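Chains as they are written, first to last, in this note's numbering: chain A, 12 to 519; chain B, 12 to 519.
None of these hints come from the bench; they were simulated from the model.
For clarity, every value in this text was computed on a predicted model and none was experimentally measured.
Be a bit skeptical, because a hint or two may be false.
A pair holds if it fits inside one copy or across any two, identical chains being indistinguishable in the list.
Under the rule of at most 30 Å between Cα atoms (straight-line distance), these lysine-lysine pairs were calculated in the DSS-like manner [claimed, not checked]: (1) K501 / K74; (2) K266 / K368; (3) K478 / K403; (4) K123 / K96; (5) K338 / K485; (6) K74 / K448; (7) K338 / K96; (8) K374 / K501; (9) K481 / K76; (10) K40 / K96.
2 protein chains.
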Amino acid sequence: MSQQPAKPKTAITPTRADDYPEWYLQVIKAADLAENSPVRGCMVIKPWGYSLWENIQRDLDAKFKATGHVNAYFPLFIPMSYLEKEAQHVEGFAKECAVVTHSRLEAGPDGKLAPAGPLEEPLIVRPTSETIIGETYAKWVQSYRDLPILINQWANVVRWEMRTRLFLRTAEFLWQEGHTVHATEQEAMEETVRMLEVYADFAENHMAMPVIQGTKTAGERFPGAVETFCIEAMMQDRKALQAGTSHYLGQNFAKSCNIRFQDEAGALQHAHTTSWGVSTRLIGGMIMTHADDDGLVVPPRLAPQHAVIIPIYRDDAGRAEVLAYCKSLRQELAAQTFHGRPVTVTIDDRDLRGGEKTWGWVKKGVPLRIEVGPRDLAAGAAMVARRDTGEKAVVPRAELVSGIAARLQAIQDNLLARAKAFREAHTRRIDTWEELKSFFTAANPERPEIHGGFALCHWNGSAEVEKRLKEELKVTIRCIPLNAPAEPGKCVVTGEPSPRRVVMAKAY
Amino acid sequence: MSQQPAKPKTAITPTRADDYPEWYLQVIKAADLAENSPVRGCMVIKPWGYSLWENIQRDLDAKFKATGHVNAYFPLFIPMSYLEKEAQHVEGFAKECAVVTHSRLEAGPDGKLAPAGPLEEPLIVRPTSETIIGETYAKWVQSYRDLPILINQWANVVRWEMRTRLFLRTAEFLWQEGHTVHATEQEAMEETVRMLEVYADFAENHMAMPVIQGTKTAGERFPGAVETFCIEAMMQDRKALQAGTSHYLGQNFAKSCNIRFQDEAGALQHAHTTSWGVSTRLIGGMIMTHADDDGLVVPPRLAPQHAVIIPIYRDDAGRAEVLAYCKSLRQELAAQTFHGRPVTVTIDDRDLRGGEKTWGWVKKGVPLRIEVGPRDLAAGAAMVARRDTGEKAVVPRAELVSGIAARLQAIQDNLLARAKAFREAHTRRIDTWEELKSFFTAANPERPEIHGGFALCHWNGSAEVEKRLKEELKVTIRCIPLNAPAEPGKCVVTGEPSPRRVVMAKAY
Numbered sequence: 012m013s014q015q016p017a018k019p020k021t022a023i024t025p026t027r028a029d030d031y032p033e034w035y036l037q038v039i040k041a042a043d044l045a046e047n048s049p050v051r052g053c054m055v056i057k058p059w060g061y062s063l064w065e066n067i068q069r070d071l072d073a074k075f076k077a078t079g080h081v082n083a084y085f086p087l088f089i090p091m092s093y094l095e096k097e098a099q100h101v102e103g104f105a106k107e108c109a110v111v112t113h114s115r116l117e118a119g120p121d122g123k124l125a126p127a128g129p130l131e132e133p134l135i136v137r138p139t140s141e142t143i144i145g146e147t148y149a150k151w152v153q154s155y156r157d158l159p160i161l162i163n164q165w166a167n168v169v170r171w172e173m174r175t176r177l178f179l180r181t182a183e184f185l186w187q188e189g190h191t192v193h194a195t196e197q198e199a200m201e202e203t204v205r206m207l208e209v210y211a212d213f214a215e216n217h218m219a220m221p222v223i224q225g226t227k228t229a230g231e232r233f234p235g236a237v238e239t240f241c242i243e244a245m246m247q248d249r250k251a252l253q254a255g256t257s258h259y260l261g262q263n264f265a266k267s268c269n270i271r272f273q274d275e276a277g278a279l280q281h282a283h284t285t286s287w288g289v290s291t292r293l294i295g296g297m298i299m300t301h302a303d304d305d306g307l308v309v310p311p312r313l314a315p316q317h318a319v320i321i322p323i324y325r326d327d328a329g330r331a332e333v334l335a336y337c338k339s340l341r342q343e344l345a346a347q348t349f350h351g352r353p354v355t356v357t358i359d360d361r362d363l364r365g366g367e368k369t370w371g372w373v374k375k376g377v378p379l380r381i382e383v384g385p386r387d388l389a390a391g392a393a394m395v396a397r398r399d400t401g402e403k404a405v406v407p408r409a410e411l412v413s414g415i416a417a418r419l420q421a422i423q424d425n426l427l428a429r430a431k432a433f434r435e436a437h438t439r440r441i442d443t444w445e446e447l448k449s450f451f452t453a454a455n456p457e458r459p460e461i462h463g464g465f466a467l468c469h470w471n472g473s474a475e476v477e478k479r480l481k482e483e484l485k486v487t488i489r490c491i492p493l494n495a496p497a498e499p500g501k502c503v504v505t506g507e508p509s510p511r512r513v514v515m516a517k518a519y
Numbered sequence: 012m013s014q015q016p017a018k019p020k021t022a023i024t025p026t027r028a029d030d031y032p033e034w035y036l037q038v039i040k041a042a043d044l045a046e047n048s049p050v051r052g053c054m055v056i057k058p059w060g061y062s063l064w065e066n067i068q069r070d071l072d073a074k075f076k077a078t079g080h081v082n083a084y085f086p087l088f089i090p091m092s093y094l095e096k097e098a099q100h101v102e103g104f105a106k107e108c109a110v111v112t113h114s115r116l117e118a119g120p121d122g123k124l125a126p127a128g129p130l131e132e133p134l135i136v137r138p139t140s141e142t143i144i145g146e147t148y149a150k151w152v153q154s155y156r157d158l159p160i161l162i163n164q165w166a167n168v169v170r171w172e173m174r175t176r177l178f179l180r181t182a183e184f185l186w187q188e189g190h191t192v193h194a195t196e197q198e199a200m201e202e203t204v205r206m207l208e209v210y211a212d213f214a215e216n217h218m219a220m221p222v223i224q225g226t227k228t229a230g231e232r233f234p235g236a237v238e239t240f241c242i243e244a245m246m247q248d249r250k251a252l253q254a255g256t257s258h259y260l261g262q263n264f265a266k267s268c269n270i271r272f273q274d275e276a277g278a279l280q281h282a283h284t285t286s287w288g289v290s291t292r293l294i295g296g297m298i299m300t301h302a303d304d305d306g307l308v309v310p311p312r313l314a315p316q317h318a319v320i321i322p323i324y325r326d327d328a329g330r331a332e333v334l335a336y337c338k339s340l341r342q343e344l345a346a347q348t349f350h351g352r353p354v355t356v357t358i359d360d361r362d363l364r365g366g367e368k369t370w371g372w373v374k375k376g377v378p379l380r381i382e383v384g385p386r387d388l389a390a391g392a393a394m395v396a397r398r399d400t401g402e403k404a405v406v407p408r409a410e411l412v413s414g415i416a417a418r419l420q421a422i423q424d425n426l427l428a429r430a431k432a433f434r435e436a437h438t439r440r441i442d443t444w445e446e447l448k449s450f451f452t453a454a455n456p457e458r459p460e461i462h463g464g465f466a467l468c469h470w471n472g473s474a475e476v477e478k479r480l481k482e483e484l485k486v487t488i489r490c491i492p493l494n495a496p497a498e499p500g501k502c503v504v505t506g507e508p509s510p511r512r513v514v515m516a517k518a519y
């Protein structure tokens, strides 16, 4: 008989170590978050996945409103000619967009349907809305009294990506796009940075996903932007994920869309605009930051359910007793609040084997699992298991109820601390090309996804170096960190002088 | 000198009596709700209008969840071949739909952009999602244990309407569409009726818009439905507005999409499905139910702001005192609740002439206007004006604060009672063709929009009669009311026997 090495059993196959990209898809499947649709590149966001998006929307929307923004809605379609007005913008988006050319279907001579009613001008399904919103703002803005305009839109957008991946890159995705107009460069720049901070705060304190705030290099900027700010997070395969962007658009779109205002002195000026967005991609970031080999781990602040109560009993008499206990426990827990909202608890009394039921909730990432059996009734207690650490404890009922928010916060804090520690462990200051190359070259050529992480390096500021990084190492400059200390050094590629280190990494 | 007859001044020109359709557009403009976009038939929903939609979403979503539904998201695009699977469905929607035929833009020899990358199969921008969701459900449903599926989607949809009108009929609109799957006809029918009741409850108790619940005639059914239920409201021009529909789809879509399940006995069965939806059209209904010649009137339960406080002062010293009073008053009001939510109050301290400011809020339809001047400070009071009746009263501050919810509810109740009375006044039981004709013929041929209202008539059940009503009177059967008592009679057109009266009206 051959002996196999002992391997811990995991709920997800393959594990992260075995095959990270496939693990990601299996976590999504096991948690029932989303699936590919019959329409190429478009996903179906299933109820559990959509409730994550609802919670993201709820919390972000409150932050947008707290910073003075209101919501509005602009058309799905953009006339083709609008895209052409901003040269860089059209170059960035024309290559992959859904084009509407007809307004009805008609049966042909063969009885089969075919497009009919050709449009005079083709319409683009919005890949982003700077141009259509800009055209509208041009009508709204006449005087400095009309400024600032601080509007956000929750919407779907379409970018005809060739290689798609659930949540991370899909042909259609859900997002929010803020579009603001200001009288001065300074005000617009302040807005751009303010919203970047809102994103960073949300990522760290709601998603427990630490991020680096920075600016993009010229080559990585949003098409048409003067400056693009971003938040970058490290996933568990040590790749970077751009999780949100905030753009200072200068007067580029104001000029192409003709957004002008009369200033206090009566002079006509072009306005300064910004735009900023995050999308359902955040859900992909959440998965790849926290999920483990047993499936999804949802940070409590975003959890559709904070806890699940699983009643355990042998017979009908036991069932009635245990269920009554669970129901009153649920009621007491639901009367508690976590970050100002009621604690959400569900009782799972489905007729399923215990193991199947327990693993179902583990794979869905519910922060706390509470099991109640006859012994707990007798003791006035319950068994509580943390999803993040797997720790289990029998806790007196009163303590469980009064301490529920603290228990959830402990998970929230641990997830953030764990993710920060992971990032720190895989971030290295690198000063030579040799070391950089080895950092980004997998030890095992069959596992190219296992590489170093974030390299903090000096850079001469040139596009040539970026090109070489991309071609030779498949690495990009993720951002020039906002909080990077001035530290003169030499470019890791050319040896030329550099004022500070930038973040280099492979990326999604 | 000629003498003009005295005419009361109104904030909206023209008035309802002068030109109803134009009045409607001017109310929308004056309240800054929405405008036509540069894209034909698509509207821009401006912040004040969008906040109405946000409140509609908030309240309806809570009702959907309370009845066991969850939200999800399905693709924007539908492959052309899907539409063809259900014969009636394709006939209903193929005539007006946006067709995506290309996946990118390319500069041609003349340097101008043109569609490129033709798709193998054209995609339709969803006009409704029965087919794409049905295809997905077919994969999810295997056993009776997978049923019911109770899912709702908040989304944008596109129907290439030729004649558009803000909120009432636009090429793109926002809506929710529920799509459910059940094991039995009875369960599906119960769901269909349950959601109709949710809509009726929402219309009456949140929008203060009374509705008649009923079923559509065969000719007015949703394409592919076995039975379409609807709620019908009367607008102030006495036309009917279909404000929401709930469809029992039978096994039609289950068959075309192949949604089958193994029942408890092990036999394979086609499921029974439903769909139900309301849209931004509700905002048009709210306007035409409550707005008056001074502009919008928002029912308190949907109001973005329940009250506005307008400080009145002469100089800077007065300003400081009055503003301090307003701020503490605002704080006290905001600590009160109305239907479980904090009362929302804004202070308008803009540097505008008093009249302009006051009329601005009147036109926006804010339920209560509170004016605070030096005299109110001295008396510990405030002047309160109701938007619905125009009544003004000076009220002691403590009474204003403690009674704010009752004051808002009084407005809510009055709006509903007023709308009900209007509907009753313009609803008539009619038994002869002559009377019906005169009821629907304007007394003044230059004002064809002024006609009778709802005619409750007997009908022989035939499509021929419906055709004649449409052709000769431009009247349709709005619904066969659910609560109509059995009352044998004779068809108003043919004299043939009829078991009960139906609602006939001109309609949007």
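Status of the hints after comparison with the structure:
no. : hint        : result
1   : K501 / K74  : neither (41 Å within a copy, 62 Å between copies)
2   : K266 / K368 : neither (59 Å within a copy, 33 Å between copies)
3   : K478 / K403 : neither (51 Å within a copy, 71 Å between copies)
4   : K123 / K96  : between (38 Å within a copy, 12 Å between copies)
5   : K338 / K485 : neither (55 Å within a copy, 58 Å between copies)
6   : K74 / K448  : neither (41 Å within a copy, 57 Å between copies)
7   : K338 / K96  : neither (61 Å within a copy, 47 Å between copies)
8   : K374 / K501 : neither (47 Å within a copy, 64 Å between copies)
9   : K481 / K76  : neither (40 Å within a copy, 48 Å between copies)
10  : K40 / K96   : between (42 Å within a copy, 29 Å between copies)
Of the hints listed earlier, those the structure fails to meet are numbers 1, 2, 3, 5, 6, 7, 8, 9, in rising order.
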